[in-house]
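Engineer: Letter by letter, the chains look like this.
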Amino acid sequence: MISPGTMLGILSGLLVVIADPPTADHGFTVVDASATRASDPPTWNGEVADIIERRCVTCHASGGVGPFELVDAAGVRNRGRFLLEVIDGGRMPPWLPAGSAWMDHRTVTPVERAKLAAWLEGGGPVGDGPPRTLVPPGPPSFRSDVVLDMPDAYVIPEESDPAWHAGEIDVHGVTFSLGNATPLRVRAIRHRPASPQAMRVAAFAFDDTGAGRYLDERDSRVGFLMGGDPGIKPMGADGVILAGSGDFRLPPGFHVPVPVESDLVTQFQYRPTGMPERLQERIEMELVPAAEASRPIRWLPLAVGRIDLAAGATQRVSSDPIELEHPLELLGISPRAIELCRSLRVVVEFPDGRFRTLVDIPDWDHHQRETMRFRDPVVLPAGSRLQATFELDNTPENPRNPDDPPRRVNRGRRTGLLSATLHVAARSVEGDRYLRAVGPASIRDLRRGEQRRRLGPGVPIP
Amino acid sequence: MNGPIALMLFLLAGASFAPPPGESSGRSEVVDTAAVLDRSLLEAVRLRDARNQPGGDQSVFAADGPGLVVVVLSSTTCPIANASVPELRRLHAAVERVGGRLMLVHAMPGITPEAAVLHAKSRRLRMPILLDERHDLVSHLDATVVPEAFVMTRAGDRWTIRYRGPLDNLYAEIGRRRRNATSAHARDAVAAIVAGSPIAQPVRPAVGCRIDRIGTGPTEDSRAHPETATE
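Taken in sequence, the protein lines are chains A and B.
Position one of the first sequence corresponds to residue 12 (the working numbering), numbered consecutively onward.
Position one of the second sequence corresponds to residue 4 (the working numbering), numbered consecutively onward.
No wet-lab data here; the hints were simulated from the structure.
Any given hint might turn out to be false.
Derived list of chain A stretches under chain B, where covered just means 3 residues or more per stretch with a C-beta under 8 Å from a C-beta of chain B [as the list claims (entries may be wrong)]:
#1 80–89
#2 271–285
#3 407–413
We treat Cβ as the ideally placed atom computed from N, Cα and C, and that holds for glycine.
One chain only, chain A, in its complex shape:
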């Protein structure tokens, strides 16, 4: 059920392009100059500990994803200038999209940054009383209705294997058998990594075709090497979690539908740490209670199947636009792109000719991808046209270019080498039937296009 307040927002969204409201929580505050002019610097106990607790300590505590701890004044002081550098460079906290339309937006606000800088400049005083030691907040409420454990560990190598394969090799696939006799309605997924500092991304796709099981069974190791999609379903179609960012959780009233006898196919994307690490993950799922009404979430891919990029070249490529035949609600977006992608954007053209940028990632990092959820679902009326655009950079100036000097890149992927999977819900039974069909149909189109060797970009939305 949509609340009246939400509905008003949605209706407004249909009429005008709403500017995202500036709030202190979303990085659009005006800098409080007095924060840097104060004669008495902020203290650890007074303000700085709260900032670190809010922005850093979830990951930077014992057993966390962060490589070092930031739990006390001395630890923060020791790395003070480094912290300011990574904040200023937009590296920490990890968060890719521009704008503030998002749930769980992670950022250090300008006011917080100024206070941290002033505290460091002032010598890092502790303040009154004994110095506070921070404890990471406990995990949010989660009911583990289903728990899946890898029976054995896969060993993450100490460094990436040299490029024996052109694809992304710092990934490992695992198929968990659910064996569910009845359909499941999954509301939330939690990933518990065995080696948090080596783990980056977990991408999920429920599969009732046996394709994921086939991938697992044909590989004698634990799981299967590299990613791989279960059939025509893109990996990550049912959610992507960035390690340390929390759970994948849908808003109340929505669920991921899981057919009977399904498997959960998971792609774990890791980052070698310089020593062998253990990959033996646990996945937990929270289900929607039987008595609760809920709508299914479907996946809609905006994908580019193949690229052919000369060494030293840059190129803008766009997915073929999808024109909606039914209205839908957009809850989130899961982008996926190779290292050569510098930036990406997803744009909607409404039936009345207006445009809205749904997601804009100016500095793409495939090690930080995740499902980004809108604070409020975006209503897209029938007739809306959706398209994703990717900026590729195969020059030596692209620091993420895996080849130096650059080499021609001619690669494809069945479900899209570059893609933005939209997590959408229909507003009617007919709409849901349409959505169930349109995602797989798009992938089939992509494959047919591939078979025709249709390599050029789609028709871009201006």
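Please build the complex by placing chain B on the supplied structure of chain A, with the hints as guidance.
Structural biologist: Chain B alone, transformed into the frame defined by chain A:
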């Protein structure tokens, strides 16, 4: 006797040597002003030996030691330094092969010998592990980040920094990591010295975790906070 072997023996003997032909010490166009350091200054530096406790120390630039010394400033917890560990092992092997000496020097404030030894053991690091607790060496080298490699040779009354910078190009900058390094800058520099050929780029900006220098902020409390190993 060919050039590289002659130089290897030269290094093994611990003798000083003149710059190879075509590479004078006056390459100011590529070597910054800190590249040449007074020998007596450096050879007076003694750092705590993490494996020789309690209180053991050792010289980084021994007067009677090899004429090729590679110092790698590092940290137990910097993810960029740790990601470079496999390359560090390769560099160590390359330096030892030509009779040089490689030292791993932990530069972050608050590091304890126990954390350094645990880190070295878990990552199979066999080189000497030293702690620059007072930033004596960090100051002489004017280092700002870890990891950074300093490939140095002795000539007469001075040590020359023949290469300083990242071990390889795994990281272009913080947050921008290649899947694999495609150039091993420090190893290439060692190979160039041995071959008597110019080093392609003697100074490269190091990428990694900033060293907060002791003396620039409150230090007493910092000393009380050991930099813990992450294992």
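Engineer: So which of those numbered hints doesn't the model satisfy?
Structural biologist: No numbers; nothing is violated.
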